[in-house]
Amino acid sequence: MRVADESIVRMILRVLRVPSLRREGFRCIGSMFFHFFVRQYRAALFPGRIPVSQADHPLDAAIPFTPKQVTVYLTFISFWVRSLGFLLRTYRKEAFGPVRDFISAMSEIYRLAGEVYRRNLSTTFRPRSIANSRFLLIHLFDPHLMCIPSLHVLVVTLTYTRFRDIVRTMGGGERLSSQIEEARESALRITESVLYVKQHSINCVAASLYMMTRFDPRLFPQEEARCFVSELFIHEDIPSQADRVRITAFIGERYDRFISEGSAASSWEDPLLDFLRQMPPAQPPAVS
Numbered sequence: 000m001r002v003a004d005e006s007i008v009r010m011i012l013r014v015l016r017v018p019s020l021r022r023e024g025f026r027c028i029g030s031m032f033f034h035f036f037v038r039q040y041r042a043a044l045f046p047g048r049i050p051v052s053q054a055d056h057p058l059d060a061a062i063p064f065t066p067k068q069v070t071v072y073l074t075f076i077s078f079w080v081r082s083l084g085f086l087l088r089t090y091r092k093e094a095f096g097p098v099r100d101f102i103s104a105m106s107e108i109y110r111l112a113g114e115v116y117r118r119n120l121s122t123t124f125r126p127r128s129i130a131n132s133r134f135l136l137i138h139l140f141d142p143h144l145m146c147i148p149s150l151h152v153l154v155v156t157l158t159y160t161r162f163r164d165i166v167r168t169m170g171g172g173e174r175l176s177s178q179i180e181e182a183r184e185s186a187l188r189i190t191e192s193v194l195y196v197k198q199h200s201i202n203c204v205a206a207s208l209y210m211m212t213r214f215d216p217r218l219f220p221q222e223e224a225r226c227f228v229s230e231l232f233i234h235e236d237i238p239s240q241a242d243r244v245r246i247t248a249f250i251g252e253r254y255d256r257f258i259s260e261g262s263a264a265s266s267w268e269d270p271l272l273d274f275l276r277q278m279p280p281a282q283p284p285a286v287s
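So the sequence shown is numbered by numbering that gives the first Met the number 0: it starts at 0 and just counts up by one.
I should point out that these hints are in silico values taken from the structure, not numbers from a laboratory. Please note that the accuracy of each hint is not assured.
Simulated DEER-style distance windows between Cβ atoms [to be verified]:
1. R16 x D255: 41 to 47 Å
2. E230 x I7: 40 to 46 Å
3. V244 x R16: 48 to 54 Å
4. F36 x E235: 27 to 33 Å
5. S103 x S265: 24 to 30 Å
6. A248 x D273: 30 to 36 Å
7. I11 x L135: 24 to 30 Å
From a predicted model like this one, the values you see are computed outputs, not experimental measurements. Note that the Cβ used here is the ideal one computed from N, Cα and C, for glycine as well.
Could you put together the complete structure from these sequences and hints?
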């Protein structure tokens with residue numbers, strides 16, 4: 000069975016039936032709600048209190064706005080929820096501890112990303128044309144002030160690495176190798192989609208991969224990050240091969256610079272904040 004075929008409703012019911020998972024689940028929802036919605040809407044409603052940087056890069060223009068990719072883009076939450084459901088269905092009670100830790104890690108990346116957002120927000124250019132109702136909802140409910148780091152990229156990289164680690168730890172690495180590969184491919188495709196629908200810049204991808212390495216160097220070491228970047232857009236005709244090479248090279252170089260700067264910094268978020276301060280200011284709330 001594919002991870003994508005897992006029932007979200009059944010997963011939610013499984014979590015609600017287990018007290019430890021239920022508590023962690025509600026804590027995670029609270030973290031997501033506060034650090035994404037509360038912080039962002041407060042900044043949008045009271046502009047000027049937190050600086051907003053323009054995070055675009057010229058190479059973003061080589062990735063065309065592709066409205067059909069919004070379907071992939073919107074799967075980032077269902078992707079990690081279905082992954083949890085697959086683990087609970089496959090390993091049952093044995094998975095309770097690892098799944099609880101998985102949910103806890105998700106709460107934590109939202110909290111840590113909030114450490115950047117509360118000090119410096121960021122935005123990118125979004126096309127004004129609304130191709131369908133899904134874009135209308137995105138533009139209505141997302142003030143688009145939290146680009147660096149990208150929560151989309153953080154969520155999907157955390158998901159595929161945790162999923163892979165849990166399966167391998169619990170002895171299913173060979174038997175479930177296709178599901179492990181499916182999870183990694185989903186993370187790659189969703190990361191590409193954030194660029195296609197112009198919710199993020201390639202700068203945002205590099206920043207998010209850096210944060211993941213600092214957050215979990217065991218599961219997302221520098222070698223894993225570089226391999227992940229090297230496989231972006233390999234199944235796509237656009238951007239062109241030449242542009243793909245330039246894009247992935249830039250993401251890798253920018254990632255390496257964050258890693259280098261972070262090794263000498265007093266706090267993991269300092270390289271991201273320094274980078275944002277060097278970017279041109281945007282006019283909050285920068286909603287398109």
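Hint by hint, here is what the structure shows:
Checked against the given bound of 41 to 47 Å, the beta carbons of R16 and D255, roughly 45 Å apart, stay inside it. For E230 paired with I7, a C-beta distance near 27 Å fails the hint of 40 to 46 Å. Roughly 49 Å separates the CB atoms of V244 and R16, a value that falls within the hinted 48 to 54 Å. Roughly 32 Å separates the CB atoms of F36 and E235, a value that falls within the hinted 27 to 33 Å.
A beta carbon spacing of about 26 Å between S103 and S265 agrees with the range 24 to 30 Å that was offered as a hint. Between A248 and D273 the beta carbons are some 22 Å apart, a value that contradicts the proposed interval 30 to 36 Å. Hint check: I11 to L135, Cβ distance near 27 Å, so the stated range 24 to 30 Å holds.
Checked against the numbered hints above, the structure violates hints 2, 6; every other hint is satisfied.
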